[in-house]
Amino acid sequence: MELIFERSKPGRYNQMIPDLDVPEVAIPEAFKRESELHLPEVSQPDISRHYTELAKQAHGVNDGFYPLGSCTMKYNPKINDEMAALPGFANLHPLQPLDTIQGALEVFTESEKLLGEITGMDHMTFQPAAGAHGEFTALLMFKAYHESRKDSKRHKIIVPDSAHGTNPASASMVGFEIVNVPSDEAGCVDLEALKAVVGEDTAGLMLTNPNTVGIFDKNITEITKIIHDAGGLNYYDGANLNPIMGVVRPGDMGFDIVHLNIHKTFSTPHGGGGPGCGPIGCKAFLKEFLPKFYPVATEKGVEFTTPSQTIGSVKGFYGHFLVLVRALTYILYLGKEGIPEAAHNAVLNANYMKHHLEDLYEVPYGGICMHEFVMSVEKIKKDTGVSALDVAKSILEHEMHPPTMYFPMIVPEALMVEPTETESKETLDEAIKVYRQIYEDAYKQPEKVHAAPANTPIRRVDEVGAARNPKIRYEFS
Amino acid sequence: MAFPKELKYTADHEWVKLSEDGKTATIGLTNYAQEQLGDIVFIDLPEEGDDIEIEDSFADVESVKSVSEVYSPVTGEISKVNEDLDDAPEKVNEAPYEAWIVEITNISEITDELLDAEGYEKLVEEEA
Chain V
1 MELIFERSKP GRYNQMIPDL DVPEVAIPEA FKRESELHLP EVSQPDISRH YTELAKQAHG
61 VNDGFYPLGS CTMKYNPKIN DEMAALPGFA NLHPLQPLDT IQGALEVFTE SEKLLGEITG
121 MDHMTFQPAA GAHGEFTALL MFKAYHESRK DSKRHKIIVP DSAHGTNPAS ASMVGFEIVN
181 VPSDEAGCVD LEALKAVVGE DTAGLMLTNP NTVGIFDKNI TEITKIIHDA GGLNYYDGAN
241 LNPIMGVVRP GDMGFDIVHL NIHKTFSTPH GGGGPGCGPI GCKAFLKEFL PKFYPVATEK
301 GVEFTTPSQT IGSVKGFYGH FLVLVRALTY ILYLGKEGIP EAAHNAVLNA NYMKHHLEDL
361 YEVPYGGICM HEFVMSVEKI KKDTGVSALD VAKSILEHEM HPPTMYFPMI VPEALMVEPT
421 ETESKETLDE AIKVYRQIYE DAYKQPEKVH AAPANTPIRR VDEVGAARNP KIRYEFS
Chain Z
1 MAFPKELKYT ADHEWVKLSE DGKTATIGLT NYAQEQLGDI VFIDLPEEGD DIEIEDSFAD
61 VESVKSVSEV YSPVTGEISK VNEDLDDAPE KVNEAPYEAW IVEITNISEI TDELLDAEGY
121 EKLVEEEA
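Chains as they are written, first to last, in our numbering: chain V, 1 to 477; chain Z, 1 to 128.
I should point out that these hints are in silico values taken from the structure, not numbers from a laboratory.
One should not assume that every hint holds.
[Claimed, not checked] Cross-link-like lysine-lysine pairs, in silico, PhoX-like; alpha carbons within 25 Å at most:
(1) 218(V) to 195(V)
(2) 381(V) to 122(Z)
(3) 80(Z) to 5(Z)
(4) 156(V) to 9(V)
(5) 80(Z) to 382(V)
(6) 65(Z) to 448(V)
(7) 65(Z) to 5(Z)
(8) 5(Z) to 381(V)
(9) 433(V) to 17(Z)
(10) 150(V) to 225(V)
(11) 122(Z) to 5(Z)
(12) 80(Z) to 471(V)
(13) 78(V) to 336(V)
(14) 122(Z) to 379(V)
(15) 65(Z) to 379(V)
(16) 471(V) to 65(Z)
Every value quoted in this text rests on a predicted model; they were computed, and no experiment measured them.
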């Protein structure tokens with residue numbers, strides 16, 4: 001397709017850029033640009049068609065099934081956007097006097113109360129911009145906590161070998177050393193291996209439960225106790241909260257801080273859909289380490305406070321407020337009964353799909369799964385040459401999004417499927433049919449699977465070329 | 001699959017070529033390793049002169065599937081780095097036993113877990 005710059009014609013224009021409504025300020029000579037800005041010269045229909053064409057080349061949850069494991073691509077109810085578009089929310093300015101935005105500030109205190117109840121945490125910050133930023137913030141708090149106790153030896157963070165890559169990355173950013181613990185045969189934390197690595201240098205553990213292979217770790221209270229007994233803290237990665245929300249609480253499992261991927265569990269836009277929001281919740285004893293601008297309801301209304309041993313601000317102002325409005329809407333809309341019902345259906349849908357596929361696709365960590373399950377294409381690849389990548393590409397032909405591939409790394413040729421609760425039985429049945437058909441094709445006509453997808457605007461993307469020689473900006477002639 | 005007899009191997013799928021006096025080692029990734037990784041797009045190489053200990057990671061290998069670390073089977077000093085791999089990391093895919101990553105010299109210790117070609121072939125068969 002044509003790029004927006006290729007649609008540009010000299011002199012063509014539109015009137016979509018709003019008029020200047022603030023006083024003009026003279027820019028110092030030294031900072032003035034000398035050349036023209038390279039803006040595309042396009043009409044409004046040009047722009048509209050450009051974006052529609054882009055949308056046609058993509059696949060979102062509004063197009064069809066999107067079981068991307070570990071990402072919880074549930075459908076986002078439109079009421080979320082309606083609430084976020086209310087002028088009283090949408091037109092606020094972060095520097096507005098607080099007494100003029102009390103209703104908006106209640107979104108923070110109300111979200112803290114409800115998310116605190118769901119996670120079993122006492123306090124929450126909404127400053128982090130997304131999940132990994134929440135991890136980073138939490139680890140800064142771990143560090144500040146240990147330092148406040150003059151406990152300066154604790155420089156190691158323990159993560160299981162099935163962890164999301166962001167866990168070791170965040171720990172490394174804060175200056176911790178990473179210690180990997182292997183998974184046992186059930187895909188859970190190996191207790192003996194864990195006991196062997198904890199000690200006086202343990203700052204904490206980062207864990208998601210259910211874990212990355214979709215299994216709920218039944219030893220969880222023992223795991224968190226081993227860490228606590230060694231003097232460390234426990235961090236809950238909220239990536240997999242969806243199947244347990246309203247059912248069990250990380251706070252009751254022994255976790256001290258949790259982060260939430262609001263965009264996964266509480267139905268706000270993913271990735272390119274808008275800014276993220278990665279609140280973290282903590283137990284009462286960690287409150288004074290929270291970032292600045294901690295909202296507190298007082299007699300005079302909601303105020304921002306600075307915790308006494310704060311790690312400082314991790315972001316400008318108060319966080320991505322309108323994303324939080326969407327999440328709060330979702331929680332209030334589903335209510336006390338709806339939240340656990342959504343979790344139950346997420347588990348049911350995953351088990352339904354697993355049950356109808358595991359005779360063909362090997363599921364290395366079997367038994368009842370939670371919200372997702374991981375299949376291995378290893379045997380199929382050995383028999384036919386068809387890899388997880390080939391299966392994923394074939395799925396694209398059916399206007400479905402493929403599952404997550406090659407993750408977690410402990411499963412060779414992995415396909416990780418997370419249907420979510422918002423899909424109907426008919427959708428799941430259709431997906432099962434497609435996966436089974438691809439299995440059959442792999443054995444009967446593997447060349448067809450290798451050549452897939454046959455009907456998409458772009459067929460196989462040159463991933464190697466894109467990674468080695470990325471072209472990320474337009475080259476003006 | 002090729003398992004050159006003159007090389008030693010690690011369980012992390014590296015090949016090691018030791019000099020006769022055992023003081024210098026050239027290290028690369030095995031054919032099995034590059035097959036598992038898929039197309040390699042970038043290798044983060046160490047600096048010449050870096051001191052390194054057994055089990056230290058000295059390079060990151062990024063492929064279309066994942067990022068993996070390369071661990072040292074010896075304690076010593078990095079004496080040479082194959083800088084060709086900066087521009088052409090695909091050489092590891094094309095000729096894994098020629099595309100060495102580093103040379104380590106002044107070796108004071110070698111892991112006692114090195115395998116010979118036969119032992120490594122067995123390990124790969126078990127994993128595959």
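Results for each hint:
no., hint, verdict
1, 218(V) to 195(V), "17 Å, holds"
2, 381(V) to 122(Z), "20 Å, holds"
3, 80(Z) to 5(Z), "24 Å, holds"
4, 156(V) to 9(V), "58 Å, violated"
5, 80(Z) to 382(V), "38 Å, violated"
6, 65(Z) to 448(V), "23 Å, holds"
7, 65(Z) to 5(Z), "30 Å, violated"
8, 5(Z) to 381(V), "28 Å, violated"
9, 433(V) to 17(Z), "51 Å, violated"
10, 150(V) to 225(V), "22 Å, holds"
11, 122(Z) to 5(Z), "13 Å, holds"
12, 80(Z) to 471(V), "32 Å, violated"
13, 78(V) to 336(V), "20 Å, holds"
14, 122(Z) to 379(V), "19 Å, holds"
15, 65(Z) to 379(V), "19 Å, holds"
16, 471(V) to 65(Z), "20 Å, holds"
Against the hints set out earlier in the document, violations occur for numbers 4, 5, 7, 8, 9, 12.
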